Amino acid sequence: MTLTKFLLPITILLLFVGGCAREETGTVTAFCGSASKPALEEAAATFEQETGIRVYLNFGGSGTMLSQMKLGKSGDIYLPASPDYMSLAEKDGIVAPDSMTIVAYLIPVILVPAGNPKNIKTLADLARPGVTVAIGNPEAVSIGRYAVEILERNDLLDEVAPNIVTLAENVSKLASLVALKSVDAVLAWHVSAIDLDTVEIIYLEPEQIPRLSYISGAVTRFALNVASSQKFLDFLVSPQGQDIFRKWGYITTESEARKFAPGAWIGGEYRLPADYQSLLK
Amino acid sequence: MFKIMRGAGGERVFRAATITALALLALFFFSIIISLLTHTNWDTFIRALVSEEILFAIRLSTTTATIAAIISILIAVPVAYAISRNDFPGKDLVDSLLDLPIVISPVALGAALLVFFNTPVGSAINNNVIRFVFAVPGIVLAQFTVISALAIRLLKSTFDGIDPRYEQVARTLGCSKPEAFFSVSLPLAKDGLIAAVILTWARAVGEFGATVTLAGATTLKTETLPTAISLSLASANVEKAIAVIFVLIIIAIIALLAIRKLIGRRYQI
Numbered sequence: 561m562t563l564t565k566f567l568l569p570i571t572i573l574l575l576f577v578g579g580c581a582r583e584e585t586g587t588v589t590a591f592c593g594s595a596s597k598p599a600l601e602e603a604a605a606t607f608e609q610e611t612g613i614r615v616y617l618n619f620g621g622s623g624t625m626l627s628q629m630k631l632g633k634s635g636d637i638y639l640p641a642s643p644d645y646m647s648l649a650e651k652d653g654i655v656a657p658d659s660m661t662i663v664a665y666l667i668p669v670i671l672v673p674a675g676n677p678k679n680i681k682t683l684a685d686l687a688r689p690g691v692t693v694a695i696g697n698p699e700a701v702s703i704g705r706y707a708v709e710i711l712e713r714n715d716l717l718d719e720v721a722p723n724i725v726t727l728a729e730n731v732s733k734l735a736s737l738v739a740l741k742s743v744d745a746v747l748a749w750h751v752s753a754i755d756l757d758t759v760e761i762i763y764l765e766p767e768q769i770p771r772l773s774y775i776s777g778a779v780t781r782f783a784l785n786v787a788s789s790q791k792f793l794d795f796l797v798s799p800q801g802q803d804i805f806r807k808w809g810y811i812t813t814e815s816e817a818r819k820f821a822p823g824a825w826i827g828g829e830y831r832l833p834a835d836y837q838s839l840l841k
Numbered sequence: 187m188f189k190i191m192r193g194a195g196g197e198r199v200f201r202a203a204t205i206t207a208l209a210l211l212a213l214f215f216f217s218i219i220i221s222l223l224t225h226t227n228w229d230t231f232i233r234a235l236v237s238e239e240i241l242f243a244i245r246l247s248t249t250t251a252t253i254a255a256i257i258s259i260l261i262a263v264p265v266a267y268a269i270s271r272n273d274f275p276g277k278d279l280v281d282s283l284l285d286l287p288i289v290i291s292p293v294a295l296g297a298a299l300l301v302f303f304n305t306p307v308g309s310a311i312n313n314n315v316i317r318f319v320f321a322v323p324g325i326v327l328a329q330f331t332v333i334s335a336l337a338i339r340l341l342k343s344t345f346d347g348i349d350p351r352y353e354q355v356a357r358t359l360g361c362s363k364p365e366a367f368f369s370v371s372l373p374l375a376k377d378g379l380i381a382a383v384i385l386t387w388a389r390a391v392g393e394f395g396a397t398v399t400l401a402g403a404t405t406l407k408t409e410t411l412p413t414a415i416s417l418s419l420a421s422a423n424v425e426k427a428i429a430v431i432f433v434l435i436i437i438a439i440i441a442l443l444a445i446r447k448l449i450g451r452r453y454q455i
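Here the protein sequences line up with chains A and B, keeping their order. So our numbering is basically just the index in the first sequence, starting at one, shifted up by 560. So our numbering is basically just the index in the second sequence, starting at one, shifted up by 186.
No lab work stands behind these hints, which were simulated from the structure alone. Be careful, since some hints might not be right.
Heads up, simulated SDA-like pairs for lysine to any residue below, C-alpha to C-alpha not over 25 Å straight-line [said to hold, decoys possible]:
(1) K630(A) - F432(B)
(2) K841(A) - A335(B)
(3) K741(A) - N679(A)
(4) K678(A) - A335(B)
(5) K841(A) - G395(B)
(6) K376(B) - L406(B)
(7) K741(A) - A310(B)
(8) K597(A) - D658(A)
(9) K841(A) - K376(B)
(10) K633(A) - F231(B)
(11) K741(A) - F394(B)
(12) K277(B) - I257(B)
(13) K678(A) - K630(A)
These numbers come from a predicted model, not from an experiment.
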């Protein structure tokens, strides 16, 4: 083998790596909870058209995204779909305290397969014998914790618990379980129902909802490109960005969210009952 | 370029090259484990190790993987033998079908199993025979679906490498067909069998995608070790996730050494 034959691939490889590194400076990487996926994808595309700044979006559970950022020590923006994980990120020093902006509000609802085969109309219907229910794993999935709180506040936890056949590891899985008709109902966010041909939304009574959640964003301390990152966050809460979120069914103002739950807390923490695990077995 | 490999010097170069490859790969995995060690918080590790949740996950993972590995080997031996020794129309198609689980991602397999249990036949099995969906047997089924193809592939190439004439000679000496198989072909397949047991068991312990999709992630019910790692990451508890990864590594090393010793010894004559 001649020397040139050996060096050529290496040179090409180096050029390629070098090229990538230069390109990175004009881009922003965001780690986002999957509840914001449809709207964020459109928002990022529009933002790139207008500013030329490319936003790379990573989606997953809000906690998983935080773990990945912590382990990889990278990521310009953190956009969790629940306030709990934003406060965790603040506590870990990943984002500066009080630097977050609320992008959209999330309403907990019941999702059932299209056609509502078990005729579920209210929260109490989940306690009916023969109805199978799934919730998110309360330790890991934010909506799972909200589900336990809703059931507990409405004195239904003991009755519904025997019907809870499984705990899902993320919120996207909950919508799939309904779409695949593997369970009769799940407690999820109203925006989790992406495909309304397969999934139907049942709204709870306004007074049954003790707490609302929100999607928020903040620039992290790993950010390489603070100005561009902040610009993207500003875009998300600008009238143009909020229009995109509304188009995808998100609720962007507190007063609008209040219509679904006038007396609810917004954000904050909820401690799981100590014995909930034995109830869900 | 092989000209330079000629002679005693070439032999040394060749030997050095292969050993270097081995050393580099071992170093690669070793440094991954070392980097995990530096990230491990030992208090969290001990607390995770003795917590009810992780002890349960350890028991669940090892039992389900053992059952899945035994079932898949018991089925894979005749299946692999049949494919290896017989020619029939459509053999290529059947062969490819059996390879599918290796190619298709485990999450997709899990989703496909969920869909199957929604069909009339599937739901009849699920409601009247064994409950698989969101239950512990679902873990075994998910692991089995993923690993059986691996076992068949390994055992088929093992049987392919055994000359059928050994069996023919045994039969001319008065052995029946089953006798010839059990006293000639199977002992000759020992190495492949050990490899198949080790790999399928190890793959079953590590299986996550199909398991979590079919059986769910219910703490103290269907939470296996890989599920525990994923849930810890999902709750942004990196220290606990690394602690559980370490638990998984330790169990894997102990078990793999044990399987090697046990099976290796029993068949040695």
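Subject >> Unsatisfied constraints (hint numbers, rising) >> reply: Going through the list in order, the structure violates hints 2, 4, 6, 9, 13 and respects the others.
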